[in-house]
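Whole structure, please, built from the sequences with the hints as guidance.
So that you can map any letter, position 275 of the sequence shown is 284 in the numbering used here, and since no number is skipped, the others follow by simple counting.
Just so you know, these hints were derived from the structure itself, not from any lab.
This structure is a prediction, so every number in the text was calculated from the model and none was measured.
One thing to keep in mind: the hints can contain errors.
[Claimed, not checked] In silico DSS-like cross-links for lysine-lysine, where the CA-CA straight-line distance does not exceed 25 Å:
| hint | residue 1 | residue 2 |
| --- | --- | --- |
| 1 | Lys257 | Lys295 |
| 2 | Lys116 | Lys62 |
| 3 | Lys229 | Lys153 |
| 4 | Lys252 | Lys293 |
| 5 | Lys378 | Lys391 |
| 6 | Lys252 | Lys308 |
| 7 | Lys308 | Lys229 |
| 8 | Lys73 | Lys62 |
| 9 | Lys153 | Lys94 |
| 10 | Lys308 | Lys378 |
| 11 | Lys229 | Lys272 |
| 12 | Lys252 | Lys378 |
| 13 | Lys295 | Lys272 |
| 14 | Lys295 | Lys229 |
| 15 | Lys73 | Lys94 |
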Amino acid sequence: MPQSAIDPSNPRCFFDVTIRGELAGRLLFELFENAAPQTVENFRALCTGECGKSEQTERPLHYKHTTFYRILPGQALLAGDISAKGDGSGGESVFGESFPPENYDLKHERAGLLSMELVEAAGTDDGKEVQCSVASRFALTLGKAPERDGRGVIFGRLIRGYGALREIETVVTGNNQQPLHPVEIVDCGQLEPEEDGLVMGSDGDPFPPWPQDYPNMGDKGQEYLTRLAASETIRSFGNEAFKTGNFKLADRKYTKALRYLVKRYTREAETYAEEMEHMELARKAKIPLLLNSAAVKLKTGEWRGAIEACNEVHQLENQHRSEIHAEVWNTKMLFRRGQAKVMCNEFEEGLEDLSRAAMLEPSNLAVRKELQKAMRRMDDRKNRERQAYSKMFG
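In structure tokens, the structure reads:
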């Protein structure tokens, strides 16, 4: 469903979210001040932390450093418990422990809606309705969620950060659908009217983790070419991280750069030629990124990941129309895949890859050295096996 234009008079707030300590991205919200003014003011103040600490608990009235405590795939993310437990059993508003809900007019009909959770305040046994209120806990919908109608007050929507939203949705959960890895709001606040909400990485990388969260990076024409250029810039940050030995950061940058190359192809007649050009450009850009990713994984001991990256390079090489760099790419692919296979004790296949790389570049000393080392490893293993058999049957 297409979203309506943002009302510039509405407050905008943000969450910077990490998964296992790694930045997933920024969630940027528009708050519907006219629909639920008190709910909006409560959420806004909890984002800024301007109200200090609770008089009752001495806990900060602030979403910062709280977590998403439940993930319901296809339904909603649950967060906003600012109590010490942070497990969805507590919470508090800036107006006191809680306050009455404002309206139920808006429905949970699509992804990205903010909905303040209802808290049952009191009930009786004589058939009277249970009295409800709202505090700080909220849901962020992941799709249509009619089961939440009447259980929450919609007061805002996500306007940027759908890539991060989907990444959070995929976090593995355990008992009671609680994430097994911490999903934390490490920073939050309110944007000024003139702010665009984009944030630059500490290394100077100007691009967010997901391309759809950056303006003018669509799938067509110049917008996709802009994404290709952004991917190359991100790769350069990955290369710098690799040079300094920060392999974890380098891997994140290469993964992010690959994400910028993803494109939905319609194959419609009027755009077919353009799409084929984009497909070729994307293939050329993906191969060095995947080779770099394989190099990182060799450094970090992720042998299977290195093999998978090289296998994808092999598939792209077979599809590539251009012969430019093909031999260089093939040598690197065989060299890195061969190393990884040897480390997985798949000696025959590893030696085959390394031998083919040596044939393509006979003067490459690194390839020859790795081939000799692999042959020694295989001989050592065979000798150990022979010794073990002789002890068993000698």
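Against the structure, the hints:
{"no.": "1", "hint": "Lys257 <-> Lys295", "verdict": "19 Å, holds"}
{"no.": "2", "hint": "Lys116 <-> Lys62", "verdict": "33 Å, violated"}
{"no.": "3", "hint": "Lys229 <-> Lys153", "verdict": "28 Å, violated"}
{"no.": "4", "hint": "Lys252 <-> Lys293", "verdict": "23 Å, holds"}
{"no.": "5", "hint": "Lys378 <-> Lys391", "verdict": "20 Å, holds"}
{"no.": "6", "hint": "Lys252 <-> Lys308", "verdict": "12 Å, holds"}
{"no.": "7", "hint": "Lys308 <-> Lys229", "verdict": "37 Å, violated"}
{"no.": "8", "hint": "Lys73 <-> Lys62", "verdict": "13 Å, holds"}
{"no.": "9", "hint": "Lys153 <-> Lys94", "verdict": "29 Å, violated"}
{"no.": "10", "hint": "Lys308 <-> Lys378", "verdict": "17 Å, holds"}
{"no.": "11", "hint": "Lys229 <-> Lys272", "verdict": "9 Å, holds"}
{"no.": "12", "hint": "Lys252 <-> Lys378", "verdict": "22 Å, holds"}
{"no.": "13", "hint": "Lys295 <-> Lys272", "verdict": "12 Å, holds"}
{"no.": "14", "hint": "Lys295 <-> Lys229", "verdict": "18 Å, holds"}
{"no.": "15", "hint": "Lys73 <-> Lys94", "verdict": "15 Å, holds"}
Checked against the numbered hints listed earlier, the structure breaks hints 2, 3, 7, 9; every other hint is satisfied.
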